[in-house]
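Engineer: Protein sequences, first through last, are from chains A and B.
Letter 511 of the first sequence, counting from 1, is numbered 505 in the numbering used here, and no numbers are missing.
Letter 107 of the second sequence, counting from 1, is numbered 101 in the numbering used here, and no numbers are missing.
Just so you know, not all the hints are guaranteed correct.
[As the list claims (entries may be wrong)] Where chain B lies over chain A, by a calculated footprint (3+ residues, C-beta under 8 angstroms):
#1 397 to 410
#2 510 to 524
#3 638 to 648
[As the list claims (entries may be wrong)] DSS-like mimics (lysine-lysine), calculated; alpha carbons at most 30 angstroms apart, straight line:
#4 K112(A) to K101(A)
#5 K519(A) to K278(B)
#6 K165(A) to K278(B)
Derived by calculation from the structure, the hints in this document are not laboratory data.
Every residue gets a Cβ at the ideal spot worked out from N, C-alpha and C, and that includes glycine.
Number of protein chains: 2
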Amino acid sequence: GIGADNDLYINQAIVFIEDAIQYRSINHRVDSKSLWLYRWYYSRTCQWILSLTITTILALAFIEKPSSLTITSDIRYRLPAWNPPCGLTESVELLCFFVFMVDVSVKSYLIGWEEFWKNKWLIAYILTLIVSLTDWIVSLSLFCTEDVRIRRILRPFFLLQNSSMMKKTLKSINSTLPEMASVVLLLAVHLSLFTMFAMLLFARTKDGQQDKEWVGYFRNLPDSLTSLLVLLTTANNPDVMIPAYSKNRAYSIFFILFTVLGNLFLMNLLTAIIYNQFRGYLLKSVQSSLFRRRLGIRAAFEVLSCLKETPTYAQQSAVSIGALLRVLQKVEMDSRCKQAIMRSLKMCSCDQLSAAQFQKLFEELDKEAIKQHPPSPEYQSHFMRKMQFAFGHAYFGYLGNVVALANIVSICVVLVMDADKQPSERDDFFLGAINCFFILYYLLEMLLKILAMGLRRYLSYPSNRFDGLLTVILLVLEIATFAVYGFPHPGWRPEFMGLLSLWDMVRLVNMLIVFRFLRIIPNMKFMALVVTTLLDLVKNLRAFAGILVVVFYAFAITGIMLFKGAIVPMGNIRFFLLLLFQTCFYIKNNVVLSYKKKSDFMALLGHFEAVVIDCLRYLLSVNLICRWAKVYFVAWWLISSVIWVNLFVALLLENFIHKWDRRCHREPLSDIEYQRTVELMFRDVLEEPTEEELMEKLHQHPHLQLCR
Amino acid sequence: GIGADNDLYINQAIVFIEDAIQYRSINHRVDSKSLWLYRWYYSRTCQWILSLTITTILALAFIEKPSSLTITSDIRYRLPAWNPPCGLTESVELLCFFVFMVDVSVKSYLIGWEEFWKNKWLIAYILTLIVSLTDWIVSLSLFCTEDVRIRRILRPFFLLQNSSMMKKTLKSINSTLPEMASVVLLLAVHLSLFTMFAMLLFARTKDGQQDKEWVGYFRNLPDSLTSLLVLLTTANNPDVMIPAYSKNRAYSIFFILFTVLGNLFLMNLLTAIIYNQFRGYLLKSVQSSLFRRRLGIRAAFEVLSCLKETPTYAQQSAVSIGALLRVLQKVEMDSRCKQAIMRSLKMCSCDQLSAAQFQKLFEELDKEAIKQHPPSPEYQSHFMRKMQFAFGHAYFGYLGNVVALANIVSICVVLVMDADKQPSERDDFFLGAINCFFILYYLLEMLLKILAMGLRRYLSYPSNRFDGLLTVILLVLEIATFAVYGFPHPGWRPEFMGLLSLWDMVRLVNMLIVFRFLRIIPNMKFMALVVTTLLDLVKNLRAFAGILVVVFYAFAITGIMLFKGAIVPMGNIRFFLLLLFQTCFYIKNNVVLSYKKKSDFMALLGHFEAVVIDCLRYLLSVNLICRWAKVYFVAWWLISSVIWVNLFVALLLENFIHKWDRRCHREPLSDIEYQRTVELMFRDVLEEPTEEELMEKLHQHPHLQLCR
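For reference, chain A alone in the conformation it holds in the complex (with noise of 0.2 angstroms):
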């Protein structure tokens, strides 16, 4: 009946503008029951569960055997890690499984049958439950004794799936991959050109001492490569060319030339190529989002316009403002938003809204929310009212930047005296007491301005937030050393007593100090557009983080599978930890690669001490320098120095370029915190999608028939 359709339209309306706001595509069904189904798939507690699965499945390998989660690593300390019976571990992957095939399920009946299809990435993932699911089966027929387990290397694209950023992000990377391609196939000739060069160069000579080169660097093609391919990574670079030029200085010129073109042109070429593929990325990202966005509103009107309740005497197609208001109470939005529209509703004249009115209202979700602070409080003494502008005023914290920063020198001058000292010579006096002094200052600001601007308005900016919080652990701190260790006095030098010694307690609360120093950040205009351009790339970075969480998964596992069979078993923590350094060090990456004797070995096992040691005697024992791990961490080397690397300086050039270009234009309003999200960033840029090309984009709706 029409009751029923005007329900349908209603619920329609409702996923339409909660499509919009989430930037999500409205190619779903759009029945009654799909809409429901819909709106619990993506209700919070669903997205929630599933967010939980995924985590878990990841989890799942730091406490699967070969475990070596423990607290310390030093192997004479610690206690055998804990390896989980069979069957535990398989059955949280199970359930794990479980989630994934409703998820699956779910996903690809809202989408149509006809739509699956050409959905790969959903193909892809039920291939990936099939196959894991398999390997399970398989697992647990061998009482866990099987030495390959496929499915932990797939884990990571479960987490791929499941957000759209990534998935766009990996596109992106896939539309640059053939100029990557052909710098990568540049490099390569250019080590394999001058690998033949060397090789000529310093080939074995008859006479014994004068081949030094050869016999350390160039003995064969593998390790002329390997040795050029370090030179590269600049982790083995006086070294290698010491022998040739103490033959002749002339050999230097093959190095110099080596490294000037690899390094300093083709490395940099690679960044200029990644930056110029990358240039438009942010921006077309953002104005995809836009056209959702406005998309989402859009099919909103039509469905609303097809209510039965709408009179017909209008030739364009028009809402009701009941309609609207009813929607709008069942959407789940920002409260914020929703009563700026539900103003603007109330204010308007007319009945009916046509399609541009409509798009109108919806803005608000585009505005960037200003952020009001709460107004002072308003004191009728005048005494008052002076401390109020006294307390107030900014050049009190520029005072108390001076204070900290004299605390900051104080503890550094303490530091400078004490460093040679033995533990039992230091006397803790006279630190001690400026804390207490310092501690004290920091307490009065923060009263002083918490009288001065109310506690509401001082809560409502994030540096005193910030402040606030260390003052008060810093005073907690203060407080719990007195009561233990009574007041400072000249020789104040008790035993340990309680939690913490006193001098672990100094030595915190100066690390706090430190640390609340940086509240100066915001003070200095530079610093605070290099700390926003910061934040803004880690917020646009996520994407990129995942698809780097992804690749190291993947490979972190498949090398624990590899290098399988050890004397030492390899802990799949050590393992992560290993690859993390390679990741986090990027330029000596290569380091392993570089050593290549037993005897040099040994000489790094000396260095890396009882840590790292299994790691290394593991490697060792794989024999490291077989083809396949150096194979591997090369490949290692490239994705996650060179590619990823680059990717970096591509985002952090876009974003800080951008921000440069802003900051010239117009002055930042210093009440408005920084609150800039992409979307604002091109706000200027964006182009707007025409009438035509959203009613086309609705047409082609697969689920959706406009009444007209």
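Please build the complex by placing chain B on the supplied structure of chain A, with the hints as guidance.
Structural biologist: Below, chain B alone, put in the same frame as chain A:
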């Protein structure tokens, strides 16, 4: 008289047009005598003498005391370096100073007294000369025994002031300094905060076993700062954290945080800032060159229009074609351009030229020299024409590439097979035979190509010249080999004869063959793009490289003076090389700083062997850990690696992105050689100066009185 006036005008026009051609400023004296002096000063001979003088005075450093200019660097074999007697280098220096004095006088006279006081470069030039001469007198009166020779540090200034490009670039770098300083300040804050954290974290404990980290890296403030600074250059990266990590895994968080923030964020931020500042640099520089050219042409027009022979009936100023022809005959310019302008002048039907027509005539100067390859010979015989078609075809070139590749592969295979053989076991027959075959093919290819294209057309392609030259050299080498050692046969292992052993000959031939393989580059589109970008970059980088040389020279001389008084004298060449290596292998720059104890140093010395041994023994003797040496090397690291490398990356990005955009817009014509200059790269975006701007500038000319 009128004749004298007319002659003056003609001479002025000649000089202005020459100024326009060379992009020189026209703000110089314009009376007859000055014009003659001006043309003499800018004549090739004079400029050549000036360049020679600058080169000489800079090169003096290599033979001056303390000289270490010897052929071999090995102290066991080399003879003591020749030290010139007192007064020899000094008299050469005096000669150079004399040339510079003439140079500065002429320059000052030509720009005029009032302009002279505004020109800071000229005043600095005179001051430098005065200081240098004073220092020279002091030096001679002390019979060359003085320790400090300021004039050596000042020498690179003469290079700097002679190049307008370098002065412009320096100005541009200067304007970027505030932003760079901000980031360097940020780096300093980052470093000092983390140093304080580290000193608090890794403090001395009562248990001597536990504080390996403190003993090794964080003993006091300078040690801690150095440890973290070296970590920023990644030279000591896994080592520095191992002791702490072995105590507790969580300590690695500190080091990872430091590296990620410092290396990944702040260092790359520097790239972003420098790139952002230099984005417009090339365009601006080209724009100002264009303005100078248009201004010179316009000035020539204005003075020619003052000629008395010009009829007065014209309202607008105009120039007679006869006068222009007279001027053109005396102007020194590219003959191709001159002919083109003459040709268009003769085709012109009118006998007067307006300003716009005059300007248009000289646009020939901006045009790219489109290189017309000479035509192929036209053969009468049908057979010859078929041959010509076959061997002039691109496929024949591709076949040549395939053969070159086959040659490379065969050399590679032989190298791999012979890798572990003793020199006495080696049989050179196989390689000799195949190389003989391949070289015959190369000869044939060259001859056939010459047959098809004709010698002149063949030589007009750079790739053919490269190819042909190498083929001829290979042929000569091969014939020489056969003449000395006879034809190859199995077991062909003759003893050493003549200048080079057979083995050396074969190696040389192989290296040339590998080098010849580079001819494939223009055939691969992406490679050609990359190579042309790199070549362009080298052109545009000349000014930057010049500034680097200036800084390098001043730094090296300062270093030699600072680190004087060692047991082993620190040779100048040795020091130059030490800094040069640090510049080339820029990342490990600070490696010398990471060696702290004497025992470590001895290990390093063992590493570097006899080569740089006296360098390092020297540095050890002055106690490298002394503050000033540290400051010196850190400053050099900042300038050479951080700032210069980033400038390089910025220019590379700028160049590459322009190139890439152009490539997308239009396909390059394959027959035109790559002769793109930076002027042409920006052709589409350059703005023509307006008539008003030009005339305003002309009226501001300090010496030229326009006749209207």
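Engineer: Now tell me if each hint is right for this structure.
Structural biologist: Evaluated hints:
Interface restraint, the region 397 to 410 of chain A with chain B: holds (5 residues with C-beta to C-beta distance below 8 angstroms; minimum three). Only when three residues or more bring their CB closer than 8 angstroms to a CB of chain B does the claim for the region 510 to 524 of chain A stand; here the count is 5, and the claim holds. Against chain B, the region 638 to 648 of chain A contributes 5 residues with a C-beta closer than 8 angstroms to a partner C-beta. That satisfies the three-residue criterion, and the hint holds. A hinted pair counts as satisfied when its Cα atoms are at most 30 angstroms apart, and K112(A) with K101(A) qualifies at roughly 13 angstroms.
Among the hinted pairs, K519(A) with K278(B) is consistent with the structure: their alpha-carbon atoms are about 28 angstroms apart, no more than 30 angstroms. Of the supplied pair hints, the one linking K165(A) and K278(B) is violated, its CA atoms being roughly 37 angstroms apart against a limit of 30 angstroms.
Of the numbered hints stated above, the single one contradicted by the structure is hint 6.
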